[in-house]
Structures are given as structure tokens and as C-alpha cells.
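Enquirer: Once you have looked at the hints, place chain B on chain A.
Number of protein chains: 2
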Amino acid sequence: MIIRNTLTKARFSAEKMGKVDLDAGERLHAGLNCFEPGQEHKAHTHAGQDKLYVVLDGSGEATVGEETAAVSAGDVILAPAGVSHSMRNPGPHRLTVLVVFSPPPGKT
Amino acid sequence: MIIRNTLTKARFSAEKMGKVDLDAGERLHAGLNCFEPGQEHKAHTHAGQDKLYVVLDGSGEATVGEETAAVSAGDVILAPAGVSHSMRNPGPHRLTVLVVFSPPPGKT
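Same order as they appear, the protein sequences are chains A and B.
Those letters in the first sequence? Residues 1 to 108, by my numbering.
Those letters in the second sequence? Residues 1001 to 1108, by my numbering.
No lab work stands behind these hints, which were simulated from the structure alone.
These figures come from a predicted structure and were not determined experimentally.
Treat the hints loosely; a few may be bogus.
What the hints assert, rightly or not - Restricting the straight-line Cα-Cα distance to at most 30 Å, the calculated cross-link-like pairs of lysine-lysine (DSBU-like) are:
(1) Lys107(A) - Lys16(A)
(2) Lys9(A) - Lys107(A)
(3) Lys19(A) - Lys42(A)
(4) Lys42(A) - Lys9(A)
(5) Lys1107(B) - Lys107(A)
(6) Lys1016(B) - Lys9(A)
Said to hold, decoys possible - Sample of chain A residues with no beta-carbon within 12 Å of chain B, all distances over it, derived:
(7) Ser13
(8) Glu15
(9) Lys16
(10) Gly38
(11) Glu40
(12) His41
(13) Lys42
(14) His44
(15) Gly48
(16) Asp50
(17) Gly91
(18) Arg94
Glycine is no exception: its CB is placed at the ideal position from the N, C-alpha and C atoms.
Next up, chain A with everything else stripped away, as it sits in the complex (with noise of 0.2 Å):
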């Protein structure tokens, strides 16, 4: 599948992040975590799957395992299986990031 205009399939919520599913594999999901300033993924660790983010817009905060950085768009981070990782928005703009799992999400 060919996802043109990215951005666009965004959904945010006031309450939590947003998650948009984009298409997936037998082997890998696509989809989006969409924040509004303030909003964070807090620390987690996925056993057995590996976990690509891409930041498609805007800029936030990194944390995979001992290493926190400031992202923005074009950056990417790789949390691979095991290690623990976040994301989150300080603000003032909405960041949006894209989101691939290696298994699929129900596939581990």
C-alpha cells in the first residue's frame, strides 16, 4: 500500500495519545502516535518485538533504554525488543510520529 499525505491520517485526542493504524505485514505494522502537547508514552518494554520510530512532524523527547534525546522530524529511533523506551511531547506544537512494530501487534 501507498500512504500519501501521512500527516493527514492523524487523530488526536484531548485525553491520551492517538493511535492510527496504517497497514501492516505478516512481519511488520505501520501506524501513528499522534500527541498533543503535554502528552507522553511513558516508559514500556515490549518483549520479543522491535519497535521503529520515525517523527513525521513536530518535536519531542526520546528515551530508549539509557539514552533520552530531543527529536524532531526526519529523526529515527529504534527501541529493539526488550529495552525500555518513551516518547513524549513537552510542547508547544502537537508531534506526530510513525510507528513500526516488528512482530505485529497480537503476532508475538
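Expert: Okay, now just chain B, sitting in the frame of chain A:
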């Protein structure tokens, strides 16, 4: 790993599309495909391996199966295992694409 300013990792070659490895886990590999104007990655298929493209810079023409579209920065293309795909840079500017494989090359 957190990779800031991913575009600065791009490597172009007058001879053929440049390939750069960025990072990998056990299940997922991330790299760059770097196209000078006129260069292309001709239609090919990966058995047992899903592939995701994210256009980081420039514009090109992507084909997945029967679908062909002009793509530009922020567009996402998923070629599931076994489905023919190609990427072409008609120019006039350079094209840089993030490429995610699952499983990593050599682990299919």
C-alpha cells in the same frame, strides 16, 4: 539507538543507488536508500520479508504490486513479502528514503 538528523547519514553515488545501514534489532533493520536524479531500484520481490519505505527527502515514483504513485517527504509505502515493488527518482533533486526490513537481511 536514537538517530538525529538522519539525512546527514545519506550517501550518494554517481554509479548506483547508495545504501546505508542505520540500526537493527533481531526482527527489524533500518537503513537508507539514496537516489541521485535518474536512479532507480527496479521492480523486485523479497520472499519472506516485509519492507517499509518512508520518504525522508525529495520526491520519487513508487510502485507496489499494481499500484504506482508519486511520493514525497512523509509518504509511507509498505511492500509485503512476495509483492513486487520499485522506487524511482525522476529528478531533478536527490531522493532519500528510509527503508525498514523485517526480518533483517540475512535472517529470512
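Enquirer: Which hint numbers does the structure go against, in order from smallest to largest?
Expert: 6, 15 and 16
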